[in-house]
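Colleague: Could you slot chains B and C onto chain A? The hints should help.
Protein chains in written order, with the working numbering: chain A, 149 to 482; chain B, 193 to 651; chain C, 394 to 730.
It is possible that part of the hints are untrue.
[Said to hold, decoys possible] Below are the DSS-like pairs computed for lysine-lysine, each with C-alpha atoms no more than 30 angstroms apart in a straight line:
no.: 1; chain 1: B; residue 1: Lys359; chain 2: C; residue 2: Lys601
no.: 2; chain 1: C; residue 1: Lys686; chain 2: A; residue 2: Lys481
no.: 3; chain 1: C; residue 1: Lys601; chain 2: A; residue 2: Lys481
no.: 4; chain 1: C; residue 1: Lys659; chain 2: B; residue 2: Lys216
no.: 5; chain 1: B; residue 1: Lys359; chain 2: C; residue 2: Lys659
no.: 6; chain 1: B; residue 1: Lys359; chain 2: C; residue 2: Lys686
To be clear, the hints were calculated from the coordinates, so they are not data collected in a lab.
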Amino acid sequence: MSLNAAQSTEVKTSSLPSEVQMLSLYRTMYLIRRFEETANELYMQGKIPSTLHLYIGQEAVATGVSANLRQDDYVLSTHRPHGHSLSKGVSPRVIMAELFGKATGACKGKGGSMHVGDMSVGVLPAIAIVGGNVPIAAGAALAFKMQKSGRIAVSFFGEGATNEGVWHESLNAAAIWNLPVLFVCENNLYGASTPFKTVFKIESIAQRAGAYGMPGIVVDGNDVLAVYQVAKEAVDRARSGNGPTLIECMTYRLCGHSRSDPRTYRTREEEDAWKLKDPLPNFRQYLLSNHYANEDQIKVIEQEVERSIQDAIEYAEASPVPRPEDVYTDVFKE
Amino acid sequence: MPIDILVPPLSQTMDTLVLVEWVKKVGDPVTKGETLFTVETDKATLEVEAPGTGVLRTILAKPGDEIKVKSVIGSIAEPGEVLQGTVAAVSPSPAEKSQSLGIAVSSSQPVITTIGSGGSSLPVERPGRIFASPRARRLAGQQGISLTELQSSGTGPQRAIIERDVKAYLEQQSASPRVTPVARRMAEMAGVDLRTVVPAKAGTITKADVQASLQQLGPSVSVPASEVAQGTSWKVKLTPTRKTIARRMLESHRTVAPVTYMSEVDATRLTKLRKRILRELREGADRPTITDFLVRITCLVLAQHPELNATFDGETLELHESVHMALAVDTPRGLLAPVIRNAERKGLAELAHLRSDLVDRAVKGTITPQELSDGTFTITNLGTLGIDHFTPIINTPQVAILGVGRIREVPAVKKGKIRIRQVMGLAVTCDHRIIDGAPAARFLKDICTLVERPDMIWL
Amino acid sequence: MPKMTIAEALRQAIREEMQRDERVFCIGEDIGVEGGFGGAFTVTLGLSQEFGHDRIIDTPISEAAIAGMAVGAAIAGMRPIADVQYGDFLFNMMDQLANQAAKLRYMSGGTLSVPMVMRAPVGTTGRGAQHAQSLEAFFTHVPGLKVVCPATAYDAKGLLKSAVRDDNPVLVFEHKLLYGSKGPRSEKGAISPVGEVPEEEYLVPIGKGIIRRPGKDVTIVANLLMMYRALAAAETLADHPIDVEVIDPRSLVPLDKDLILESVSKTGRLVIVEEDNLTNGWGAEVAALVSDKAFWWLDAPIKRVAAPDVPPPFAPVLEGEYVPSEQKIVDAVLSMF
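Here chain A stands alone, though its shape is the one from the complex (with noise of 0.2 angstroms):
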């Protein structure tokens, strides 16, 4: 068992969003759905020229995180993107444009589905290489805690990435140097195609956080609340200067890790049961149980979604491409 471990299923009722923060996670929420989505019927229409790799069922995570941070900390996101800038403010525009590979995009066409990001909002051009973002989130981390700024940093990873060796330098090094600092795992039992009990004689991640001397915390990752409320906890001991966090949070990809994955090594039962814990319509049942909202208001919160991911794709596909001569720009600063 974990030395600091601590399971989150009861909902904190002092520590909840308040009402309208409640409504903003559920369209955050949607959005990313929705945006996932239609990125994959775009995809399948042949209008994106890479593959995709989908948040779809692990919304709660990056809404629940993000709803906890300004605009002025970092986000440190993978190959699975989309949903981490989306939930940080990230434009549906950019990253459209970005997708079709536009010179409007994230990174002016030059990234791709896998690096997108927006500074001005403190999200880093997503890193591909598993574990990479991890060590440039506990600098980003050191930086802060150098300027006194208040500003903390997220690193989000997969639980395969807490296999890489960087991964533990890192969080080793955010414990000893107290760095303000949020390391979130999202454990969605598979890396890649590779399950869990394969590559870990441990039973949970969150297990990894005492080796180093920092807390760790599983929670239901698929309940936006829970997240919210860990994250919370762990942002205010950060930007106290209490030091890092690790975060598991439990939860289930319910589409296949990229656009070419036939899903052959799950079952269908496996997947049927973990649709049942879909975040989604989970959590618009509870607002609509718990009175934040009724069906008409969240209809509209759904239909305005619709219409900006809409736009976000006319808006993709009015743009230029890029310039042949741009490939020569922005690799150093002049």
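Modeller: For chains B and C alone, coordinates are given in the frame of chain A:
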């Protein structure tokens, strides 16, 4: 389809020419109309243009060869064409290359290695391939040197021709060695280019050097080594020019009925006139010589004696309205007679200019065949060489020729007093088939009158 | 004008940049430990007393994290000077340097920059294959990284300052035998050049080489320790007489191409000397460049003198065969005439 390189019919008199040099080498790109090779005719050295555009593929004649007119001496391939028998464009692998160049190649040893100029698209087998560094080629190109002149004299790595070899060659060219008179005469007779003679002792080319180089000319010259070594006679191949002169002189001798009429004329007034005229010249203008005066005088006199300004082929006598004055010129290759066309229309200054230019080019060998033909009368002046009187030979198909001897000072009696006068020997040879003695004598008398009393030129 | 060793000059550069800009800090192993060496080659000796341990940060043995954290800190507005104790350990950092530091600006469409410095000592010193590599070539080949290699005290201070002020990731390669480290950290066989270093502010621009010895018969391009061997070879060759021009490139990316091309067009001959393994070394790039741009000026094939394609050996006789000697340079030049 490859384009044949034919020997053009550049000589009216000969059906073989001598190849002097190729301006391009095998493998070079060639553009239609640019100079491809040069040949020597009996009269001059001429450039021949390339008949098409492409790459010079094959060369079938080498410098010095006699080549028949209209024969094929090479070919030009269209760009990209590969002739039968050549290897397709694969550069040798580094191991092969190094082995052929004598460098040991071992994968873990070499600390020192080379990056050579890379493989090209030209066939591996190329006759006459010259190894020269890019820097050397650049300099040679700028200086207009063909690298074939430097072949096998490279001193660079792997005996390649490098910059210093080209520089040394250039220095050697500008500092031309002294040549002994005998060596020069021998070289002239044998048609040896003194630039190709390597002196045994640097700085001076001697008879022995020329003899040695004659030996190298190959089977066309048979010089038994023993004879050469003992300095006895040697056999020499006649140049085309010499052959032509020989043929024509014999022809003249055999067909013409020559009679030479001689006079001594007082040229004192003429020489004084000349001195005065020289003082009136523009700066840089050619100085009229006695020959130039004689050209002018002869033209005036020929107007009164038209039958001497004629050509006769044995059947028909053709009288000419214009005087195309041929002047005998001694050149390194032999006697040439360039022609001043329409000389009767030219003033003295212009005659001097034309004469100067023609003589200059005749000596250099750049005179054209047209300039050596269609003369109607010839003047030959051996006066500067100290000859007083001689019997000039007629320049067939002309019918007359004026020979000029030297001007010398003699005491003469004038009005009972002894004066020093300048006298000059003049001789006219006429073809008695056409011109009898009396007309010939009258002609000469009229020439002498104008020489002795040049004021009469005005009348 | 004060005279300094390269280690002292580097230390002075760090000191001045840290005084000038509070965003500058050092991060590495054993660089600030009390009573410690000041880094493996004494470069940071005394700096933690001056600036404190919050700006001279000692790390665990975590090369990848050192590099990655330098990337993150640089993006977040600091100007870190990170270092590895031995250049060979850069391989541990490869992902963070080649995949992150080098590519992040491009991948972000130019919206961020990574103003970090990574210092690394190179050169064989009898420590065996894994503490001996000269590995400039691995990084000169990565678009997005700048690479410099100062060989004199003057250049060390000037180039390190330029590297700190550059808004891009810069690798600074230093040679173990050129530091002039003293005391227990002194190196056997070190050259330890001491040079005049102005006290007043100056920078050596990145991307500019320098002619160490003008000549007209052959150009030798050589960096770090090899530059000194090239100079020695030039003295020997002067007796032949062959007049050698020695160029110290000082920066490998960006490379001072004009300087090299101009020199070769003058001399017609080029030798590149590097302590790196021969195949695909940075010398191969220079040779290809000159073959392309100065072909018609060449009077001989281009030569490279480099270490053979083997890992760096230990025994002194083997190391002597491995590291290009003055004699090998002389022989290479003679073969071109």
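Colleague: All the hints need checking, so say for each whether the structure fits it.
Modeller: Now the hints, each set against the structure:
1. B/Lys359 / C/Lys601: 34 angstroms, violated
2. C/Lys686 / A/Lys481: 27 angstroms, holds
3. C/Lys601 / A/Lys481: 18 angstroms, holds
4. C/Lys659 / B/Lys216: Measuring from Cα to Cα gives roughly 29 angstroms; hence the hint holds.
5. B/Lys359 / C/Lys659: Given pair lysine 359 of chain B, lysine 659 of chain C holds - Cα atoms ~15 angstroms apart, limit 30 angstroms.
6. B/Lys359 / C/Lys686: Measuring from Cα to Cα gives roughly 24 angstroms; hence the hint holds.
Consistency with the previously given hints fails for number 1 only.
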